[in-house]
Every structure is written in C-alpha cells, then in structure tokens.
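S.K.: Sequence:
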Amino acid sequence: MTTKIQKNYGSWPSTMTADKLAEGGHRFGHLSVNNGYVYWLESLPAEAGRVVINCAGNGKAAHKITADGFSVRTRLHEYGGADFSVSGEIIIFCNDSDQRLYLQRGENTPTPLTPLPEFKHALRYADMVISSNGEWLICVRERHSQNGNPLDVINDIVRISLTNNFIKDVRDPEIIVRGADFYSYPRISPNGKTLAWTSWDHPNMPWDQTALWIADLDSSGYLSNARCLVNNENESIYQPAWCPDGELHFVSDRSGWWNIYSFRDGILNALTPLNAEFGFPQWQFGTCSYTFIDSHTIFAVYGQDGREHLCKIELDLGHITPIELPYCNYQGGLYYDDNQLFFIAASEYKGPTLISLNLNNLSATDISQTRSLMLTEQNISVAEAITFPTGENKKSHAFFYPPLNSEYQGKLAELPPLIVMSHGGPTAAASAEFNGSIQFWTNRGFAVVDVNYGGSTGFGREYRDRLKGNWGIIDVEDCINATKYLVERGSVDEARLAIRGGSAGGYTTYCALTNYSIFSAGVSRYGVADLSCLVKESHKFEVRYLDSLIGPWPEAEAIYHTRSPINHTDKFNCPVLLLQGDEDAVVPPAQSIAMAEALDKKYIPHALIILAGEQHGFRKRENICLALEAELNFYGQIFKLTPADNLTGLELKHKNNI
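Letter by letter, the sequence shown follows residues -9 to 648 of the working numbering.
Calculated from the structure, these hints are not laboratory results. Certain hints may be false.
[As the list claims (entries may be wrong)] Pairs of lysine-lysine, DSBU-like flavour, derived with a Cα cap of 30 angstroms:
#	residue 1	residue 2
1	K50	K340
2	K561	K643
3	K302	K183
4	K458	K385
5	K630	K474
6	K561	K474
7	K630	K645
8	K645	K592
9	K(-3)	K10
10	K561	K526
11	K340	K54
12	K340	K302
Here the structure is a predicted model, which is why all the values come from computation and not from measurement.
Using the sequences provided together with the hints, build the complete structure.
M.R.: Quick look at the structure:
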C-alpha cells in the first residue's frame, strides 16, 4: 500500500486540469430514434460550443451528420430543447444563428424550411412532430417584437407544409392553436386523428399549473373540436403521450408527486401511485420520463431520495419493477426502438453516456460518451447523501463530496476548506452523478457540498413549493444549515468556507453573503443581484416567475427591494468573484456589472470577468478554462493556499482589505 504524501488541502496536484475538463465539456442534448438509428445532440467546446447532430445504428458507428456552418439549437424560452425531429430520411432542425427551421434529407445539404425573420431571432421553433406521411409538421413557435417587451412575445402551435420542400420551397407556418401564453408537447395519436398538447398561462410556470388539451386532427394537419381534458388549480401536467393502442397517458402531480396516469373512456387511472417523481420540471422542451414498449408495457425513470432509477411498468398486472443498473441520473429522456431502450445516463463514476439497453438480457452498450477526463476510481469522490435539520423543524437534503486524491492527503490536524454549491433554477436539483466540475475541486483537496435546498425538484410538490414567496430565504437557510451540519460533525474547516452558484444559485450566493457572516468567500456565475431589474429585463418564459418566488410586481416592490442583494452591499464582509457572459439574455450582464460597481464603492475585494460570446452558461473551451482557473486562483488568495496549477494572475480590486 502506497503511503500518501501529506500536503495542505486545496494545494494538491491533479491530472484533471481546467483545459482537459473544458476539452471534455461536451454536452448532450435532445435524443431521437427512428428506423434502427439513434440521433443525438452534442456540443463541441473546441468549436465555440457549436451543437451538432450525431447518428449511429444499423451497423454504422457514431458520426456527425450536421453540415459545417450549422449549429443545431433553438432559443425558444431561451433554454431550448427538442431542437430537431426525425422521420424516415427527413431531419428537421432549428439552426442557432438565424433560428430558422431547416430540412435535411439523410446527410445531404440542409435547405431552409421557414422564412428569414424580420430581425435576428424574431421567430423561434421547437418541439417538432412530423406527420406519418412526411407531408407536414406541427411545432411550437415563439414570435418576438422589435420593442423587446417580453409580454409582447407570442407563443402558438403552427403547422408547416413539407411538400415540395426538397426544391427549396420555403413556406409560411400556419397557426393552428393560439391564445395561451405557452405551449409544449404537441403529440399525434397513433392513428393520426388526434393531437394532444399542454398549455399554461402567466404567472404560472409549467411545474405550477398546466392544462391538457386534445383536438381532432385531419389528414392535412388541421384541427377542430379542441377540448380541455385537465386544468386544475395547482396541478402540473407533464409529457402527454399516446400508448400504441391509442390511449392517452400523462404525468400529473395531483397526488403531491409526479406520477403516470392514463385516460380510458373518460376514466383517470393512476399507474404509479408512489411517493416518487416520474416527471421533470419543463426548463427545456422534449424531456420524457417514460416510453411505451407496447400497449401493455412502459419503461420509466423516477426520482427518489435524490437519485433516479429505471423501472418496468406492466399495465395489465399493475406491477412496477425496478431495473438494477449502475446509473443515478438519466437526463430526462427514454426512447424505444427495435427491442432497444436508448437513454443518456450517468453514474457516480462515469459522466453522461449515450446507452442502448437490450431488453432481452438487460445488457448495456455505450454508444457515445462525454470526453471529460475520467479519473481512476480511486481518485473519484463519491457523493454521500446527507439529510440535515433546517428551519421550521424540517429536513433538507444535499450531497457531500470529501476531498480525495490517491497520492495526497491533508496534513495532520488540518480540515479541508468547503465549497458550498447552490444549483440554478431554482426549480432544479443536484445529482449524485459524476461531475467533473466537482471532481476538479475534490481532487485538489477541497470538500464540496451540493445542496438540494427547499424548492428543488425530486422530493415531491411540498418540497418544491417551499420556496414560494421565500426565494432568498429558504434556499439560503438550507445552504447555511448544510454548512453548519458539516462543520459540527468535523468534516470541514469552519474558517475556510466558500459559497458559489450560477444564475439562481448566484442569487442564493449573494443573499448568503449579505445575511450571514459564516463564509469567507463567494463566487457568482451570472447571478441575480437586483430582482427589480430582473423582473423588468427578463424574457417571457421567466418574466412572471418571481410572482410566486417573491410576490406580484409592482405590488410587492418593497419585498423586491429588501430581497435584492445589490441594496445590501454594506453587509458584505468577504471577497467576491463575479463571472458573466456578455450575451446573456436570461440574467443580463448589467446585473453583474452593477454588483461589481456597488462592491467597488464599498471597497470590498472583488473581481469581475466578462466572458465574450457567452450566453447563460459557458460553452467555449477557452472561457470554461478561464472561469475555472480564475476561481481556483481566487480561493488560493482568500484561503492562503498555493494551488499546484500554473495559473494566470487574477487581480482583485481592494485586495488589501482581505
């Protein structure tokens, strides 16, 4: 047994460099199967984050089928999803630069399907479904006005003719459903005679309340006799889907948990009556938690205790059988074709991988995987699920990662510094899957806790609703209490505690730094600093989100002012690093710039880094590297550590006040 070298926590050398982590920062996106082929999206950090469709199947190895000069990404709702659709040899996708739909036959050159918009990104499309005869498609469309007012943006469901488009015949979409603020999941029944979809209106988010609709569909793709099947207060409907025998299924949280239901002859049947989540929040289009094998069998993913599991549902018998596989996260998609189940999954030891599961023997085959540097198992810090006491005598959840390196250990009597991570959303969730961005820290000697604060998805509706009216309070309390729990049990150094987060997690970070003095450092990645600006500047999908998280605007303006960290910089007592993309439309750069200016006036040590060409999240290889290395440099300066990495200098303003 090799004796480990004693070295200060946070100063350990690591093979997982920022550059290698960025090189492997390929992200998977939408997935589809058709005629023995599987198609999936993958981002390319080395090509400025360009997103391409890959294809494999029928004896062909995985290969790129997106032509040079195209990047497949829809910006509908800003977060996108369901960016392409496949039927036979027809591939229809949304191109990032102009947001037009393009039609591609096989691997031939794409041709534009929708007209050039009046101005950049004026028209956006997602969630396409192609008719069985390939003559038309139905999709969700978003129309923007030049005045930039998010409340003037119009969403609808449109029909687009595909006939004669192989000779570059561009057609104007025709509106077939209108009137609601938002739409998703247009799905055609197996016999082609009915269309189902969901809708919701401001101020609801799709995990608050959605309606389920159906309408008669004729052979040309036009609707009649539209009727609403479900529209109950505080009921979230997710993923309507048709069984092969024509029975409509969907996920609802009417029980307090997202469970699968079916409609037969007007009767609602609960198929998965469990305290488990068979649905995901609709931040993106096209996620699906279940798929039909035949009229009697469903395979589904459900979340329980912070981990996701695969199961088989036998409809005639009412049996729900868990499938034992080594994965803890399934990234919101299950697809079936020719006795194979396709999904993107990750385990504690392996990052997201595209997998085909043979349903005869449950053998799994890797088709493609992220190219992040895979540490050896003895170098991977595995998440420990912790449950800790929090406010109002409740319990909350987190994943704790102790520092781990096969060659190094901390010095005697030394405890590791802790990085507290607060996820975005805030209606999202931390997962126990292998995350290179966490292992980057643990392999250098930092401890990490990833907090599933109240408001997170995966623990039922009551847990998700804890944040209503309490954003900036409950999430912060849970981060503080997770930290105290780890300090009290002797896992981390109470003198070296940092909190960091992106987007909503950045807001939680700011709030923690203005209301508590437990942390020695904070890092915000495109975080919200001023709620009143956010409610005025946000995009349509989220512009009314704060109604439930904070209160209606402008009636609750005083609360917005009180909860905005920008108004309480006098309470900051530790250094802050701010990282921001210059093209962010979700949390505009003005938020980070205003916070930096406020910190400057208070002589608080800080640094602001604006990353060129980045939106909400960092996709370019060079920017991923820059952000990681700046953060490591920042912790080194604040915690008086000497990182083993060769880092570019980071200049903190008012550094002498540390």
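S.K.: Next step is simple, just say for each hint if it's right about the structure.
M.R.: How the hints compare with the structure:
1. K50 x K340: holds (25 angstroms)
2. K561 x K643: holds (18 angstroms)
3. K302 x K183: holds (29 angstroms)
4. K458 x K385: holds (17 angstroms)
5. K630 x K474: holds (22 angstroms)
6. K561 x K474: holds (20 angstroms)
7. K630 x K645: The given pair, whose Cα atoms are some 13 angstroms apart, holds under the 30 angstroms limit.
8. K645 x K592: holds (13 angstroms)
9. K(-3) x K10: holds (23 angstroms)
10. K561 x K526: OK: K561 and K526 at ~25 angstroms, within 30 angstroms.
11. K340 x K54: holds (23 angstroms)
12. K340 x K302: holds (24 angstroms)
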